[in-house]
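Peer 1: What follows is each chain in one-letter form.
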Amino acid sequence: GAVVSQHPSWVICKSGTSVKIECRSLDFQATTMFWYRQFPKQSLMLMATSNEGSKATYEQGVEKDKFLINHASLTLSTLTVTSAHPEDSSFYICSANAYVGVGETQYFGPGTRLLVL
Amino acid sequence: GQQVMQIPQYQHVQEGEDFTTYCNSSTTLSNIQWYKQRPGGHPVFLIQLVKSGEVKKQKRLTFQFGEAKKNSSLHITATQTTDVGTYFCFGNEKLTFGTGTRLTIIP
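Going down the list, the protein sequences come from chains A and B. Per our numbering, residue 1 is the first one in the first sequence, and the count goes up by one each step. Per our numbering, residue 1 is the first one in the second sequence, and the count goes up by one each step.
Just so you know, the hints here were simulated from the structure itself, not pulled from any lab data. The structure presented is a predicted model; accordingly, all values stated were derived computationally and were not measured. Glycine is no exception: its CB is placed at the ideal position from the N, C-alpha and C atoms. There could be a bad hint or two in this list.
What the hints assert, rightly or not - Here are the simulated lysine-lysine pairs, DSSO-like style, with alpha carbons at most 30 angstroms apart:
no., chain 1, residue 1, chain 2, residue 2
1, B, Lys36, B, Lys69
2, A, Lys20, B, Lys36
3, B, Lys94, A, Lys66
4, A, Lys41, B, Lys94
5, A, Lys20, B, Lys94
6, A, Lys41, B, Lys69
Said to hold, decoys possible - Here chain A is said to cover these stretches of chain B; the calculated rule only asks that three of the stretch's residues, wherever they fall, bring their Cβ under 8 angstroms from a Cβ of chain A:
no., stretch
7, 59–72
8, 90–100
Extracted from the complex, chain A is given alone in its bound form (with noise of 0.2 angstroms):
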């Protein structure tokens, strides 16, 4: 089946810095991937749709000046937390789209957990 991966898994950084994340489909093409953000105890949050050589598309309310996302081939989509804040800690997750029967269906990487100190 569809699998997609994340890396980091998690990661902890000081106030200030910059964490990259990268998703990825293993076995198959994606020219479409998107971002997803769970704070504890919530739903998922759909913060942005990554396009293959495009520009992504940005949620209201998310910046995309501050969450950088660059899908630079059909199997790589990375989101970049700048300056990132104690606020920003939470579980990011990408999916992707796969067509499996008679639709689409979402596949989930394993998520990254961020906590920002």
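For chain A, the structure is supplied; the task is to place chain B on it using the hints.
Peer 2: Frame of chain A; chain B shown alone:
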């Protein structure tokens, strides 16, 4: 925008009891997906429903898609401790997750 609500928010059941979570969308969905997230884990795809009124079963899990394609339910028969987690429905058009139902099991 699309809103997808789930009830209940939390459910504590005795092991062996049944469990149901309901998902309601503010807009019609072309399909709906269900995911399970274990504590500390990531969402894992369970099933996709496409047709109006569709019912699908996976062992002790029964999934239904409403006739109007705006609501769905997940029913677990005779819960086991391995069923612990949060269950989310997901509307693919707007990439919107439901608010989730957290299931805990009392052994």
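Peer 1: Below or equal to 30 angstroms on CA atoms is what counts here, so check lysine 36 of chain B against lysine 69 of chain B.
Peer 2: 21 angstroms, holds
Peer 1: Go check the stretch 59–72 of chain B versus chain A for me, would you? Three or more residues, Cβ under 8 angstroms, otherwise it fails.
Peer 2: As far as the stretch 59–72 of chain B goes, the hint is violated, because 0 residues have Cβ atoms under 8 angstroms from chain A.
Peer 1: When you check the alpha-carbon spacing of lysine 20 of chain A and lysine 94 of chain B, does it fall within 30 angstroms?
Peer 2: 26 angstroms, holds
Peer 1: Take the C-alpha atoms of lysine 20 of chain A and lysine 36 of chain B, compute the straight-line distance between them, and say whether it is at most 30 angstroms.
Peer 2: Given pair lysine 20 of chain A, lysine 36 of chain B holds - Cα atoms ~27 angstroms apart, limit 30 angstroms.
Peer 1: Per the coverage rule (Cβ-Cβ under 8 angstroms, at least three residues), is the stretch 90–100 of chain B covered by chain A?
Peer 2: Holds: 8 residues of the stretch 90–100 of chain B have a Cβ under 8 angstroms from chain A.
Peer 1: What's the verdict on lysine 41 of chain A and lysine 69 of chain B, does the C-alpha distance respect the 30 angstroms limit or exceed it?
Peer 2: 27 angstroms, holds
Peer 1: Mind checking the alpha carbons of lysine 41 of chain A and lysine 94 of chain B for me, to see if they're no more than 30 angstroms apart?
Peer 2: Judged against 30 angstroms, a Cα distance of about 22 angstroms means the pair holds.
Peer 1: Lysine 94 of chain B and lysine 66 of chain A: Cα distance at most 30 angstroms?
Peer 2: 23 angstroms, holds
Taken one by one, the earlier hints fail for this structure only at number 7.
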